[in-house]
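Hints given; two lone chains; assemble the complex.
Protein chains in written order, with the numbering used here: chain A, 436 to 675; chain B, 10 to 253.
What the hints contain is simulated information worked out from the structure, not anything from laboratory work.
Don't take each hint at face value.
Cross-link-like lysine to aspartate or glutamate pairs, in silico, DMTMM-like; alpha carbons within 25 angstroms at most [claimed, not checked]:
hint : chain 1 : residue 1 : chain 2 : residue 2
1    : B       : Lys-91    : B       : Asp-43
2    : B       : Lys-248   : A       : Glu-522
3    : B       : Lys-247   : A       : Glu-522
4    : B       : Lys-152   : A       : Glu-534
5    : B       : Lys-164   : A       : Glu-533
6    : A       : Lys-641   : A       : Glu-463
7    : B       : Lys-161   : A       : Glu-656
8    : B       : Lys-247   : A       : Glu-555
9    : B       : Lys-247   : B       : Asp-97
10   : B       : Lys-161   : A       : Glu-522
11   : B       : Lys-164   : A       : Asp-486
12   : B       : Lys-90    : A       : Glu-488
13   : A       : Lys-600   : A       : Asp-587
14   : A       : Lys-600   : A       : Asp-630
15   : B       : Lys-152   : A       : Asp-486
16   : A       : Lys-606   : A       : Asp-532
17   : B       : Lys-161   : A       : Asp-587
18   : A       : Lys-603   : A       : Glu-656
19   : A       : Lys-604   : A       : Glu-438
Simulated restraints on C-beta separations [said to hold, decoys possible]:
hint : chain 1 : residue 1 : chain 2 : residue 2 : range
20   : B       : Phe-77    : A       : Gly-558   : 37 to 47 angstroms
21   : B       : Ile-95    : A       : Pro-667   : 51 to 61 angstroms
22   : A       : Lys-606   : B       : Ile-101   : 29 to 39 angstroms
23   : A       : Asn-550   : B       : Leu-114   : 49 to 59 angstroms
24   : B       : Ile-19    : A       : Gln-447   : 41 to 51 angstroms
25   : B       : Met-154   : A       : Gln-447   : 14 to 24 angstroms
26   : A       : Lys-501   : B       : Ile-113   : 48 to 58 angstroms
27   : A       : Lys-501   : B       : Val-233   : 34 to 44 angstroms
Glycine included, every Cβ here is placed at the ideal spot set by N, Cα and C.
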Amino acid sequence: MLEIHINSKKYQENRVIENLKLEVKSSEFISIIGPSGCGKTTLLNIISNIDTEFLGNVLFDKKSIKDVNIGVMFQDSRLIPWLTIFENIMLVSNSKDEESILEALIEVGLEEYINSYAKELSGGMQRRAALVRAFINKPDVILLDEPFISLDYPTAQALRSDFLKFYKKYKPTVVFITHDLKEAVSLSQRIVFLDSSPMKVVLDYKNKNDFSKNLESYEIEKEKDEILQKHPNILSGCLN
Amino acid sequence: MPSQNRFISILVIFIFWQTLALLINTDTFPSAIDVLKSLFYHLTQGELLYHLGITLNRVAITFFIAMFIGILIGILMGSYKKIDNILDSLLIIALNVPALVTIILCYIWFGLTDVAALLAVIINKVPTVVVTVREGARTVEQKYMQIAQIYKISKVDTLNRIYLPQIYPYIMASARTGLSLIWKIVLVVELLGRSSGIGFELSMFFQFFDITSIMAYSMAFIIVILLIETYILRPLEKKANQWR
Numbered sequence: 436m437l438e439i440h441i442n443s444k445k446y447q448e449n450r451v452i453e454n455l456k457l458e459v460k461s462s463e464f465i466s467i468i469g470p471s472g473c474g475k476t477t478l479l480n481i482i483s484n485i486d487t488e489f490l491g492n493v494l495f496d497k498k499s500i501k502d503v504n505i506g507v508m509f510q511d512s513r514l515i516p517w518l519t520i521f522e523n524i525m526l527v528s529n530s531k532d533e534e535s536i537l538e539a540l541i542e543v544g545l546e547e548y549i550n551s552y553a554k555e556l557s558g559g560m561q562r563r564a565a566l567v568r569a570f571i572n573k574p575d576v577i578l579l580d581e582p583f584i585s586l587d588y589p590t591a592q593a594l595r596s597d598f599l600k601f602y603k604k605y606k607p608t609v610v611f612i613t614h615d616l617k618e619a620v621s622l623s624q625r626i627v628f629l630d631s632s633p634m635k636v637v638l639d640y641k642n643k644n645d646f647s648k649n650l651e652s653y654e655i656e657k658e659k660d661e662i663l664q665k666h667p668n669i670l671s672g673c674l675n
Numbered sequence: 010m011p012s013q014n015r016f017i018s019i020l021v022i023f024i025f026w027q028t029l030a031l032l033i034n035t036d037t038f039p040s041a042i043d044v045l046k047s048l049f050y051h052l053t054q055g056e057l058l059y060h061l062g063i064t065l066n067r068v069a070i071t072f073f074i075a076m077f078i079g080i081l082i083g084i085l086m087g088s089y090k091k092i093d094n095i096l097d098s099l100l101i102i103a104l105n106v107p108a109l110v111t112i113i114l115c116y117i118w119f120g121l122t123d124v125a126a127l128l129a130v131i132i133n134k135v136p137t138v139v140v141t142v143r144e145g146a147r148t149v150e151q152k153y154m155q156i157a158q159i160y161k162i163s164k165v166d167t168l169n170r171i172y173l174p175q176i177y178p179y180i181m182a183s184a185r186t187g188l189s190l191i192w193k194i195v196l197v198v199e200l201l202g203r204s205s206g207i208g209f210e211l212s213m214f215f216q217f218f219d220i221t222s223i224m225a226y227s228m229a230f231i232i233v234i235l236l237i238e239t240y241i242l243r244p245l246e247k248k249a250n251q252w253r
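If we strip away everything but chain B, and leave its shape as in the complex, we get (with noise of 0.2 angstroms):
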């Protein structure tokens, strides 16, 4: 049982953790009841739940708008050798500047706004949603394609029942790559320049040294995060793939 096997590595994981905290035994470095007892304070009393579901809510925005162009523009680099001709330096430029530039770049430019924020996680993601759906477009099988011209079969038709189905796999694993990166990015965009928001918690803690907080804070979000992987991102690519 697979659902078996996670619960024990967690398991193992957390026992290891505490042994660990009791060995070294400093305020740095709380244990792992320390920490569970801290995320239970702070999800009854605290603010954890508020910073949480404006965190989540950044997360979705910004994921969904830059799969959306990042799809796009893959598509569209893989099928046609013109398009890649001309955005391909552009795209090796977008993933190799530093994900921390794009964000201060944003700041100072849009000021310290919501937009800025989420312009600056897009920019960040798209060129990786890109490069892995190029390679999918590229790989379309043009035999399959061929019977949709031979059958004039509709362009509508063509695109959801024989294009884009071959090009799910590739979605599908950038969409898993590109959650656990924007979440990543947006807790430092939170931390740089908002208000609110796990990553504006975390640097309130960092500056109080409250080492606890800071890692219930991150657990929290790491469970919510497995939670989305498991129950929805995993269970679509199951389903994508069940007729192989």
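Only chain A is shown next, with the shape it has when bound in the complex (with noise of 0.2 angstroms):
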């Protein structure tokens, strides 16, 4: 279980987060969605132990998150540019070992890629390098900072299905924040509606899909439309 628990997070003197408590069953993927600027970045910050000036505290299994094997997807691929494709996943592999590195990136088709430096992939090749190396300690929790977004519809789909195969085969915990409610809908198993100044949950919503319902399907369309007219006022300030 991932339990976040912020009592206070200050940016200068702006109460960005206050009083949170969100806790996250393991292998469970659970969205957020919120308006921009509410601190959905510094709440990722904080899981993944970037910021540390906060009080409170972050656990997986009782343990600090600090020791905790954590991957991580942003909306640009945050490869590093100077290393080939190989050399960023090997960078952050624990065990070093070439072979499943080499297994993971043929499994995302990037087997041609492997000696190529970031900026000679397609922006679609970046993310799923990014996500093989977001995999390749098998970790504990996956946070994601919607990584599906500015790529065009099939390439974000492409995507989304790789990645539900990694999250099948390692069920980490996932903590995914994104703007688009259908994503959120198909993808996570509930979702967690935030509202700004200073952060609050409005909303803890229980998927009644499945993860691996298709985006375009009519059952993610219709489920999206009943969270929308169920809750209208809360939702309001979120999706934008």
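See below:
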């Protein structure tokens, strides 16, 4: 279980987060939706232990988060530009097992780009490399900061299905930040809606659909509309 | 072909020099061919190689020490605001003290020794390295440092694979300007207080008004620096920028 307890996080004099309590079961896939500037990225930085200047604690299975294997995917791939794709993944790999890195790269169809630099790859390919990097240590927790945006539709779709493939294989706990309610409904098992200043949970919604449903399917569309109809007031602030 | 262009430009300078010397026709402006002859003489009969070796040795020692100290201070100043604030005024002073003053003071305080000579060169060079490397350290991308943090990459790997590669272009820039600055200062240091090296020889030729030898010695040294630049520094820089 991932337990996020933040008593207070200030940015200069701004109270960004106050008394936030969020618990995510092991292997659960949750989405976080909230208005721009409500502190989602701050929250992710806290969970990933980049930001340690807050009051509270983040635990995974009772262990401090700094001792937990974490994988991340961002809006940009954040591959190190002066390292090849292979070196990028080797650098973060705990086992330094070349074989398993090659296997994972083959699995996402990057076998021809092992020795290429990031800039030689298309946006979609870069993010698939970042996907391999995120999973290479079989992490307990995966954090996603809108990794599927600014890609064309088929590329984003392919990346989503690659992600689900890895997710089902390694079963990490996933915290997924998105602006797209349909994406949240189709991928995750639970959606947490946030509001800002300070950040608070306005709705904690359990998905009806299994995450394997197609993004464009009727069920997803229907569930999305149901959420919007049932909670018109609380949600107006979250989705923009 | 860049090397071809380089050869042509050197050839043009030579022809221009030769014609000018023939036109002026005075003892104080020797022709290119006279200088080449003199260079050949000093190489085969004189002590050019011995003094060249000594000077190059001094250049190498001061270069590596100054680069090491400069990179270290530059990274610290670029990464930590507090250190930057404390050392900044000192840096501005160090940048503006004339090289000649440092050299004279070092000789007076530490005697006419090799240590004093090398120290004077290092003190002159370090501030310029600091300024360039500090600029590099300031441009280090936090997003890549965060990747290192999230994936718990070891300190050594973070330094070698993520941090330093971002500063390499700045280190290379300061190495290239550094080399040309250092050898000029080394010559002055030798001229003022050493009894060996190219600088010392130049002062001897100056006393005998031997302009041809002065130019031959300078030419020898410029050739060596050009070779270092072409076959060591440039390839290194190219390798560091391969991914761009």
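The hints, checked one at a time:
1. Lys-91/B x Asp-43/B: violated (58 angstroms)
2. Lys-248/B x Glu-522/A: holds (16 angstroms)
3. Lys-247/B x Glu-522/A: Satisfied, since the Cα-Cα distance of roughly 20 angstroms is no more than 25 angstroms.
4. Lys-152/B x Glu-534/A: violated (28 angstroms)
5. Lys-164/B x Glu-533/A: Holds, because 22 angstroms separates the two Cα atoms, which is no more than 25 angstroms.
6. Lys-641/A x Glu-463/A: It holds: about 11 angstroms lies between the C-alpha atoms, which stays within 25 angstroms.
7. Lys-161/B x Glu-656/A: At roughly 40 angstroms apart (the allowed maximum being 25 angstroms), Glu-656/A and Lys-161/B break the hint.
8. Lys-247/B x Glu-555/A: holds (18 angstroms)
9. Lys-247/B x Asp-97/B: The hint is violated at about 32 angstroms.
10. Lys-161/B x Glu-522/A: Between Lys-161/B and Glu-522/A the Cα gap is close to 16 angstroms, so the pair holds against 25 angstroms.
11. Lys-164/B x Asp-486/A: Status holds; Cα separation ~18 angstroms.
12. Lys-90/B x Glu-488/A: holds (19 angstroms)
13. Lys-600/A x Asp-587/A: Measuring from Cα to Cα gives roughly 20 angstroms; hence the hint holds.
14. Lys-600/A x Asp-630/A: violated (32 angstroms)
15. Lys-152/B x Asp-486/A: The given pair, whose Cα atoms are some 13 angstroms apart, holds under the 25 angstroms limit.
16. Lys-606/A x Asp-532/A: holds (21 angstroms)
17. Lys-161/B x Asp-587/A: It is violated: about 32 angstroms lies between the C-alpha atoms, which goes past 25 angstroms.
18. Lys-603/A x Glu-656/A: holds (24 angstroms)
19. Lys-604/A x Glu-438/A: Holds: Lys-604/A and Glu-438/A sit about 23 angstroms apart, inside 25 angstroms.
20. Phe-77/B x Gly-558/A: 37 to 47 angstroms: For Phe-77/B and Gly-558/A the Cβ distance comes to about 41 angstroms; the hint holds.
21. Ile-95/B x Pro-667/A: 51 to 61 angstroms: Roughly 58 angstroms apart at Cβ, these two residues keep to the hinted range, so it holds.
22. Lys-606/A x Ile-101/B: 29 to 39 angstroms: violated (58 angstroms)
23. Asn-550/A x Leu-114/B: 49 to 59 angstroms: Distance hint for Asn-550/A, Leu-114/B holds at roughly 54 angstroms.
24. Ile-19/B x Gln-447/A: 41 to 51 angstroms: About 60 angstroms separates the Cβ atoms of Ile-19/B and Gln-447/A, which means 41 to 51 angstroms is violated.
25. Met-154/B x Gln-447/A: 14 to 24 angstroms: Since Met-154/B and Gln-447/A have Cβ atoms about 22 angstroms apart, the given range 14 to 24 angstroms holds.
26. Lys-501/A x Ile-113/B: 48 to 58 angstroms: holds (55 angstroms)
27. Lys-501/A x Val-233/B: 34 to 44 angstroms: Once the Cβ atoms are compared, 53 angstroms apart, the range 34 to 44 angstroms for Val-233/B and Lys-501/A is violated.
Hint compliance for this structure: hints 1, 4, 7, 9, 14, 17, 22, 24 and 27 are broken, all remaining hints hold.
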